[in-house]
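Those sequence lines, one after another, are chains A and B. The opening residue of the first sequence carries number 1 in my numbering; numbering runs sequentially from there. The opening residue of the second sequence carries number 1 in my numbering; numbering runs sequentially from there.
Hints may be right or wrong, so weigh each one.
[To be verified] The calculated lysine to aspartate or glutamate pairs, modelled on DMTMM-like cross-linking and capped at a C-alpha distance of 25 Å, are:
1. A:Lys100 with B:Asp132
2. B:Lys208 with A:Glu190
3. B:Lys150 with A:Asp67
4. A:Lys126 with B:Asp132
5. A:Lys66 with B:Glu131
6. A:Lys175 with B:Glu209
7. A:Lys72 with B:Asp294
8. A:Lys100 with B:Glu154
9. A:Lys222 with B:Glu73
[Unchecked claim] Which residues of chain B face chain A? A partial, calculated answer using Cβ under 10 Å:
10. Lys128
11. Gly141
12. Glu147
13. Lys155
14. Ala170
15. Ile177
16. Arg189
17. Tyr200
18. Leu204
19. Thr213
20. Met214
21. Glu299
Hints are computed from structural coordinates only; laboratory data are not their basis. Using N, Cα and C, we set each Cβ at its ideal position, and we do this for glycine too.
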Amino acid sequence: MSKLITEYTKLEDLKLNVSGFIINFKSFSLFPKYRFTFDEVKKIILKMRKEKKLVFLNLDALVREKDLSNLKCLLDQIVTLDFDYLIFHDFAVYTYFKEKGLTDKLIYDGKTMVTSKKELEFFASKKLPVFLSRELKQKELEVISTLDNALLEVFGYERIFYSKRPILSLFKEFKNIKESLTNKVYKLQEKDDIYLAYEEEGEYFVYLEKIKYLYKELKDIKNNFKFLKVGRTFIEDIGFVLDKYNDLLLNENIEENSKLLENYISEVGL
Amino acid sequence: MKKVELLIPAGDLERLKYAVMYGADAVYFGGMSFSLRAKASNFTLSDIKEGVKFAHEHNVKVYVTLNIVPHNEDFEGLKEYLIALNEIGIDGLIISSFAYLYFVSKYTKNIEKHISTQCSVINSEAIKFYEDLGVDRIVLGRELSLEELKVIKEKTKLKLEVFIHGGMCAGLSGRCILSNYMACRDANRGGCAHSCRWNYALKLDSGKEENFTMGSKDLCALRLIPEMIDIGIDSLKIEGRMKSVYYIASITRIYRALIDEYLKTGKINDFKIYEEELRYVESRETATGFLKGDVKQDEQYFDPKLENAPKNFLGKVLDFNPKTKEVTLEQRNHFKIGDEVEFIMPHKDAVSFIIDEMKNEEGERIEVAPHPLEVITFTVPFMLEEGTLMRKK
Ligand code: SF4
Chain A
1 MSKLITEYTK LEDLKLNVSG FIINFKSFSL FPKYRFTFDE VKKIILKMRK EKKLVFLNLD
61 ALVREKDLSN LKCLLDQIVT LDFDYLIFHD FAVYTYFKEK GLTDKLIYDG KTMVTSKKEL
121 EFFASKKLPV FLSRELKQKE LEVISTLDNA LLEVFGYERI FYSKRPILSL FKEFKNIKES
181 LTNKVYKLQE KDDIYLAYEE EGEYFVYLEK IKYLYKELKD IKNNFKFLKV GRTFIEDIGF
241 VLDKYNDLLL NENIEENSKL LENYISEVGL
Chain B
1 MKKVELLIPA GDLERLKYAV MYGADAVYFG GMSFSLRAKA SNFTLSDIKE GVKFAHEHNV
61 KVYVTLNIVP HNEDFEGLKE YLIALNEIGI DGLIISSFAY LYFVSKYTKN IEKHISTQCS
121 VINSEAIKFY EDLGVDRIVL GRELSLEELK VIKEKTKLKL EVFIHGGMCA GLSGRCILSN
181 YMACRDANRG GCAHSCRWNY ALKLDSGKEE NFTMGSKDLC ALRLIPEMID IGIDSLKIEG
241 RMKSVYYIAS ITRIYRALID EYLKTGKIND FKIYEEELRY VESRETATGF LKGDVKQDEQ
301 YFDPKLENAP KNFLGKVLDF NPKTKEVTLE QRNHFKIGDE VEFIMPHKDA VSFIIDEMKN
361 EEGERIEVAP HPLEVITFTV PFMLEEGTLM RKK
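Just chain A, same shape as in the assembly:
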């Protein structure tokens, strides 16, 4: 049976009904706002273990050569931690773990790059579980998820752009804008469509305005995925949503929950 995971933001999260939490680091993690120092992560893990939660660490940034030594320092520390999985996107992380003989702890976050069953087969040959691209259609998911190394983010704001350019800060300078444009969600309007722009630590992202989710569609294929992730980017209170997904795993109230989720999403917009 598939298991639910979500990002860790604060101590109270430990009461949430999920199998595990993803912890994000101050550097090399792309999760906004709730990112932690190594020492903080160490303490969080102790608390998670008391609650018998699986521990996922997340280093999903792409890493420039100039930042490699910092990444290595962090990885040297990370391997001393008690964790179940490390999620990565840059293959520098894989190289490091391979040298340590620890690749069985890795999960590749494919972001926009894993969109076919054959791609997933490649990672299966390396014994790597993989987060699939979120733009996949239901029919594609049905085919791809017949392999047993797929993970899927089933709920959350979908990121559609990732840049190493601090585009909002550069714009602020260009236009001589007084307010700070970082660490806050801004709306971008293009004709009738709205998108969300966000910059933190020199990296810039664009998200779809509406939360994207799969629910009813997962009814028959949910257990094909090793883990289902409920994403929390820009979402503070996730308890309600997790309850619904726990129901889904138990095949309970699917029709009713689906409607409730739809209402929830139309109300929670940023």
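Based on the hints, put chain B with the ligand in the right spot on chain A.
Just chain B with the ligand, lined up with the frame of chain A:
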């Protein structure tokens, strides 16, 4: 000094030939499937065959892009395509997908495997992963400084290819799916609609709305080429499979001359000569991206009003009679009697000339050539080479 490859895009067979004539060491293009730049007039297998023959006769290498991020249906016909490319004898494949890489290893021999910039490889440790997979070359991501390039080069045996000129993704390549949602076109399957360059309204906390765009200025690393050669970069790549024959010929000519000057003399006497030439073809403002360090405000492209397509390409010489010195030219932009024009050629300096008389296809004398693609004849007092183009002086 180590020789460096000048790698030029070829949107079609004609542009391939111009790139070769004007001094490319290698050309790249996409086939009808499995390749990005869906709007470039991609090559059929028989075009590829002809292109490879022409390029190889001139000692120029040919790389074919296989750089989409494939979905399940994008494997149909792949095996047969690769077998055909193998028979044709292309030199390299530019790949973004591990599954495609596996197919290439299985169904081709003696074809180099290049990892596309779509994979956004930007450090030497990630390169090790690709090296273990039998890859020959990495097309590095565009988020690297010269200093970083130097360090990477010292740490890897794989060949490194770096973009030196042309349009740039403002986002990390392969990780942008703006166009998928904004234009219903899959950016990673050739459908990028340049949504990053569109105009947006950015809503500030103050309630004010600002006109906003995310696109970056185009890349121009002209002044940094000597350093790249010194670092030992193996291939200098120009972007622009959608660009015109004129652009391809001109840009190849400029960078060919610059690289040759540096390789021959160990220095560049006057960069301005090359920059002047670039002004004939550049329609957008350019910058050096990450090459000189982190991107600054003036490297970003917030003022699209400055975009201005140059209209100075006047025509393509279709034929030249060395005895009568009669030029047969296909018109591309308006010109008239009395205009001072310039001929650019693959191996000679540009020559200028004032049009004093000309005829249309019917042999009638004309004062003006206003129609695109009309064929004009006139004579000049000097020799022209094959592949000559005419531009405004
Ligand atoms: S929209 Fe811009 S950043 Fe995205 S793929 Fe196209 S050019 Fe690159």
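(request) Could you work out which earlier hints the structure fails to respect and list their numbers in ascending sequence? (result) Violated: none.
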